[in-house]
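There are 2 protein chains.
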Amino acid sequence: MKNWVQIVAGFVSVVVLVVLRAQGVDAVLDARKSDPVVMGWMVGSPPAADKVIRFGDGSFFRFPMTRWAFSNMRQLVPTKVVARSGSASVIHRVERADLDGVMFQPIGGGEAMSWAQSLDANYTDGIVVLHRGRIVYERYFGVLKPEKQHLAFSVTKSYVATLAAMLIAEGVIDEKAVAAKYVPELAGSGFGDATIRQLMDMTTGLNYSENYTDAKSPIWELSRATGLLPRPEGYRGADGNYAYLKSVAKAGGHGEKFVYLTVNTDALGWVVSRVTKKPLAELLRERFWSKLGVEQDAFFEVDSLGVEFAGGGLNLCLRDMARFGEMMRLGGHYRGQQIVAPAVIEDIRKGGNKEKFAGAGYKTLPGASYRSGWWVLHNEHGAYAARGIHGQGIYVDPAAEMVIARFASHPMGGNVNLDPTTLPAYHAVAEHLKRGAR
Amino acid sequence: MKNWVQIVAGFVSVVVLVVLRAQGVDAVLDARKSDPVVMGWMVGSPPAADKVIRFGDGSFFRFPMTRWAFSNMRQLVPTKVVARSGSASVIHRVERADLDGVMFQPIGGGEAMSWAQSLDANYTDGIVVLHRGRIVYERYFGVLKPEKQHLAFSVTKSYVATLAAMLIAEGVIDEKAVAAKYVPELAGSGFGDATIRQLMDMTTGLNYSENYTDAKSPIWELSRATGLLPRPEGYRGADGNYAYLKSVAKAGGHGEKFVYLTVNTDALGWVVSRVTKKPLAELLRERFWSKLGVEQDAFFEVDSLGVEFAGGGLNLCLRDMARFGEMMRLGGHYRGQQIVAPAVIEDIRKGGNKEKFAGAGYKTLPGASYRSGWWVLHNEHGAYAARGIHGQGIYVDPAAEMVIARFASHPMGGNVNLDPTTLPAYHAVAEHLKRGAR
Numbered sequence: 001m002k003n004w005v006q007i008v009a010g011f012v013s014v015v016v017l018v019v020l021r022a023q024g025v026d027a028v029l030d031a032r033k034s035d036p037v038v039m040g041w042m043v044g045s046p047p048a049a050d051k052v053i054r055f056g057d058g059s060f061f062r063f064p065m066t067r068w069a070f071s072n073m074r075q076l077v078p079t080k081v082v083a084r085s086g087s088a089s090v091i092h093r094v095e096r097a098d099l100d101g102v103m104f105q106p107i108g109g110g111e112a113m114s115w116a117q118s119l120d121a122n123y124t125d126g127i128v129v130l131h132r133g134r135i136v137y138e139r140y141f142g143v144l145k146p147e148k149q150h151l152a153f154s155v156t157k158s159y160v161a162t163l164a165a166m167l168i169a170e171g172v173i174d175e176k177a178v179a180a181k182y183v184p185e186l187a188g189s190g191f192g193d194a195t196i197r198q199l200m201d202m203t204t205g206l207n208y209s210e211n212y213t214d215a216k217s218p219i220w221e222l223s224r225a226t227g228l229l230p231r232p233e234g235y236r237g238a239d240g241n242y243a244y245l246k247s248v249a250k251a252g253g254h255g256e257k258f259v260y261l262t263v264n265t266d267a268l269g270w271v272v273s274r275v276t277k278k279p280l281a282e283l284l285r286e287r288f289w290s291k292l293g294v295e296q297d298a299f300f301e302v303d304s305l306g307v308e309f310a311g312g313g314l315n316l317c318l319r320d321m322a323r324f325g326e327m328m329r330l331g332g333h334y335r336g337q338q339i340v341a342p343a344v345i346e347d348i349r350k351g352g353n354k355e356k357f358a359g360a361g362y363k364t365l366p367g368a369s370y371r372s373g374w375w376v377l378h379n380e381h382g383a384y385a386a387r388g389i390h391g392q393g394i395y396v397d398p399a400a401e402m403v404i405a406r407f408a409s410h411p412m413g414g415n416v417n418l419d420p421t422t423l424p425a426y427h428a429v430a431e432h433l434k435r436g437a438r
Numbered sequence: 439m440k441n442w443v444q445i446v447a448g449f450v451s452v453v454v455l456v457v458l459r460a461q462g463v464d465a466v467l468d469a470r471k472s473d474p475v476v477m478g479w480m481v482g483s484p485p486a487a488d489k490v491i492r493f494g495d496g497s498f499f500r501f502p503m504t505r506w507a508f509s510n511m512r513q514l515v516p517t518k519v520v521a522r523s524g525s526a527s528v529i530h531r532v533e534r535a536d537l538d539g540v541m542f543q544p545i546g547g548g549e550a551m552s553w554a555q556s557l558d559a560n561y562t563d564g565i566v567v568l569h570r571g572r573i574v575y576e577r578y579f580g581v582l583k584p585e586k587q588h589l590a591f592s593v594t595k596s597y598v599a600t601l602a603a604m605l606i607a608e609g610v611i612d613e614k615a616v617a618a619k620y621v622p623e624l625a626g627s628g629f630g631d632a633t634i635r636q637l638m639d640m641t642t643g644l645n646y647s648e649n650y651t652d653a654k655s656p657i658w659e660l661s662r663a664t665g666l667l668p669r670p671e672g673y674r675g676a677d678g679n680y681a682y683l684k685s686v687a688k689a690g691g692h693g694e695k696f697v698y699l700t701v702n703t704d705a706l707g708w709v710v711s712r713v714t715k716k717p718l719a720e721l722l723r724e725r726f727w728s729k730l731g732v733e734q735d736a737f738f739e740v741d742s743l744g745v746e747f748a749g750g751g752l753n754l755c756l757r758d759m760a761r762f763g764e765m766m767r768l769g770g771h772y773r774g775q776q777i778v779a780p781a782v783i784e785d786i787r788k789g790g791n792k793e794k795f796a797g798a799g800y801k802t803l804p805g806a807s808y809r810s811g812w813w814v815l816h817n818e819h820g821a822y823a824a825r826g827i828h829g830q831g832i833y834v835d836p837a838a839e840m841v842i843a844r845f846a847s848h849p850m851g852g853n854v855n856l857d858p859t860t861l862p863a864y865h866a867v868a869e870h871l872k873r874g875a876r
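Order-wise, the sequence lines are chains H and L. Per the working numbering, the first sequence starts with residue 1, numbered consecutively. Per the working numbering, the second sequence starts with residue 439, numbered consecutively.
What the hints contain is simulated information worked out from the structure, not anything from laboratory work. Glycine is no exception: its CB is placed at the ideal position from the N, C-alpha and C atoms. Check the hints yourself; a few may be wrong.
Stated by the list, open to error - Reference listing, derived: stretches of chain L covered by chain H, where coverage requires no fewer than 3 residues with Cβ under 8 Å from a Cβ of chain H: (1) 478–484; (2) 861–874.
Unchecked claim - In silico contact screen, one side only, chain L against chain H (beta carbon under 7 Å); selected entries: (3) Val466; (4) Arg470; (5) Ser472; (6) Met551; (7) Ser552; (8) Ala554; (9) Pro670; (10) Glu671; (11) Ser711; (12) Arg712; (13) Val713.
Stated by the list, open to error - Result set (SDA-like, lysine to any residue): computed pairs, CA atoms no more than 25 Å apart in a straight line: (14) Lys684/L / Val52/H; (15) Lys278/H / Lys715/L; (16) Lys684/L / Leu305/H; (17) Lys277/H / Asp488/L; (18) Lys471/L / Leu99/H; (19) Lys246/H / Val178/H; (20) Lys145/H / Lys471/L; (21) Lys586/L / Val38/H; (22) Lys716/L / Phe55/H; (23) Lys278/H / Asp473/L; (24) Lys715/L / Val38/H; (25) Lys181/H / Lys489/L.
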């Protein structure tokens, strides 16, 4: 009972913050004040009572404790490794301190802002900018370190859906087949007659809402089922990712609208694991980690059956995330190997259905689309991105030969809060690097 | 309530097995039949209902499920990394298949047995034999692989106590000081007036019993407090390692008897972390992992505060455990660095108080002693060992220039069940290697 109260209190506090923000009241600690090192979380044996962050009471999922927790997920929840092997690929370094002064105009007006200022504005935990494959900028804040894994949230979806796109290109999965063809257990659910492509592009018609400012949103049920949020005593909800997916119902027709729902990628993950007879962690190791020359193991948050949270459970280190982006930028050819078929990446770059996407009303993403787990901006640079709640991201800018990887712990869920000081900042740095100015 | 029933049922089943064994009835699946690959645990998305192993229902801690679980702890419980870095040290390899035929006489009589047969007898998951620093024998069984971490149980104690011995040698900790000097919170507990040396050598006088065949033994309370065993609904016991330690009471005088109790090493871990202001995982990284040229990260099972289970929570890969043993054999000098001071290792090799040890009645260890987390055999080879329940071990044989590291998942807790086919087997292989025969 106590757990419930605390968890609900946490969500309510987020809602309150959103309301305050809307009213122009800024009651949220800024990036400097909420720095987890400054706040002194979890230091000492044991930490002082007011510096403790736990999983069981839900405190890890409340800002500003999130600024510590997102870099320490494995000590909070069970995890499954995506194992590294061999030596790391060398990424050359040509520091460009001049990036700090690059100015941009935030979306929606307001004063011009510098790149350096944007890092604080977005509660950045770590950011790396690659230009022509070389690190030109790399910063870490708070408790994040180069060798440390950070929760990537929905950036996970881009990995899983890219994997699915590869399996489709290889003829292992038919994108036009319905999910129930591969996972008969989904037949009775809303996913049963959705095609694999619809799961990948988020165009299923489900009786579902993913509103992070609504404490009653089913996204929290999913989180409790997968074990990413604590369960109250007497919990009688679904135990596990798969069990939960079976309970998701249909509403309306599939393929009609773009509706971004995490459960789609979870269902996709189930299909991929069932077809390949391999856990997602093993597939990511086989397809990406063993080939990219990563520096560190990655890991997935898992449910009580060891099933990876495909919709948002990957934790990895920043430079390894950048390596994945760079591989995408290079058309899948990286380190002497064709890791992803060029046609798969070409298809992602072309994007999804813009009309359906427009209907979803993403104000900061006019003219964009969503394809195979990637957000395609359709801007003049041909940029596309992996995006996770609270500011995680991979931004690939082909025209500027630039890749940005970022971890963040923004107090509010949803990139709508981050985009105004992110997208124009990324684009300004891209233009700056394109010009070659120093 | 259901949890309780299942957990208690698990322990009762272990007790029943022990009784059956004592009566000459062997109802336990043998090593081949209980091989976790043969049994097919946790294969499939999801696994079949009768192939599922979970943390929450306690099934992971019941034989034969343990044979899978001990190699998969991180997907069952929260963990803290002991990070590798840099490249792994090269261990040369000179295969000695002739070891398989080395014969020995089990303790307590019975037919002579070969080394190869002993591996099955002991439910070995992995074993590596180093001779003069080179791998002469290495085998993996079931789900364990060279790169995979296995729960080391009480081998953890040898790491933690060696660390403490190093800090004593460096003057950071005074072995004669009482625990409450460093951790005032222990003042009211049985540990309060015990010296650091008494914690390290297991000579405290505590009101405690560590009987693995007794379902009511407080060792299970410790396990629930630290999060290594699931808690039943309505659990009102201690939350966390430190909270539990404060509840352990004194009985009799300290320093009088050798009584092997896991809580001693947990208290020692608390002292070490408090004094150094560093978590054990960080200390192990700093002192050992960063210097030994390990191949893999290791990890600790942690409680809800992130406190490492110092008495038995380390998981590591087999060859990395062998590297630690080899470093000990070489007097602490390994890979061009003095990792442990020679005097510290000399003190361990000299052993502890034999009379006090004899009083504890370990039938398979006549003439042995215990010092700083190590079991010292005082045999003609000067062998000493780190020993974990269910058959984990590091065996250092200075005279034979041999180190053996083993992971196992024997159905019964306690090395008394393993020693008869372990200690004489190790000694026979040592003699064999000493002779140089091929």
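Q.
Just to be careful, I want the Cα atoms of Lys715/L and Val38/H compared with a cutoff of 25 Å; is the pair within it?
A. Holds, at roughly 17 Å.
**Q.** Restraint satisfaction for Arg712/L [CB to CB of chain H, less than 7 Å]
**A.** With a closest approach of 5 Å, the Arg712/L hint holds.
Q) Given the proposed pairing of Lys278/H with Lys715/L, does the C-alpha separation stay at or below 25 Å? A) 42 Å, violated
Q: For the hint on Val466/L, just tell me whether its beta-carbon gets within less than 7 Å of chain H.
A: Violated: closest Cβ of chain H sits about 26 Å from Val466/L, beyond 7 Å.
Q: With a cut-off of 25 Å on the C-alpha distance, tell me whether Lys471/L and Leu99/H pass.
A: It is violated: about 63 Å lies between the C-alpha atoms, which goes past 25 Å.
Q) Against chain H, is Val713/L within 7 Å by beta-carbon distance? A) It is violated, given that the least Cβ distance between Val713/L and chain H is near 9 Å, above 7 Å.
Q.
Check the hint pairing Lys278/H with Asp473/L against an upper bound of 25 Å on the C-alpha distance.
A. Satisfied, since the Cα-Cα distance of roughly 20 Å is no more than 25 Å.
**Q.** Restraint outcome when Arg470/L is required to lie within 7 Å of chain H by C-beta distance
**A.** 25 Å, violated
Q) Would the hint on Glu671/L stand, with a C-beta cut-off of 7 Å toward chain H? A) 6 Å, holds
Q) Do the alpha carbons of Lys716/L and Phe55/H lie within 25 Å of each other, as the hint requires? A) 21 Å, holds
Q: Mind checking the alpha carbons of Lys277/H and Asp488/L for me, to see if they're no more than 25 Å apart?
A: The hint holds at about 18 Å.
(Q) Ala554/L was flagged as interface toward chain H. Is the shortest Cβ-Cβ separation under 7 Å? (A) 30 Å, violated
In this structure, the hints that do not hold are numbers 2, 3, 4, 5, 6, 7, 8, 9, 13, 15, 16, 18, 20, 21, in rising order.
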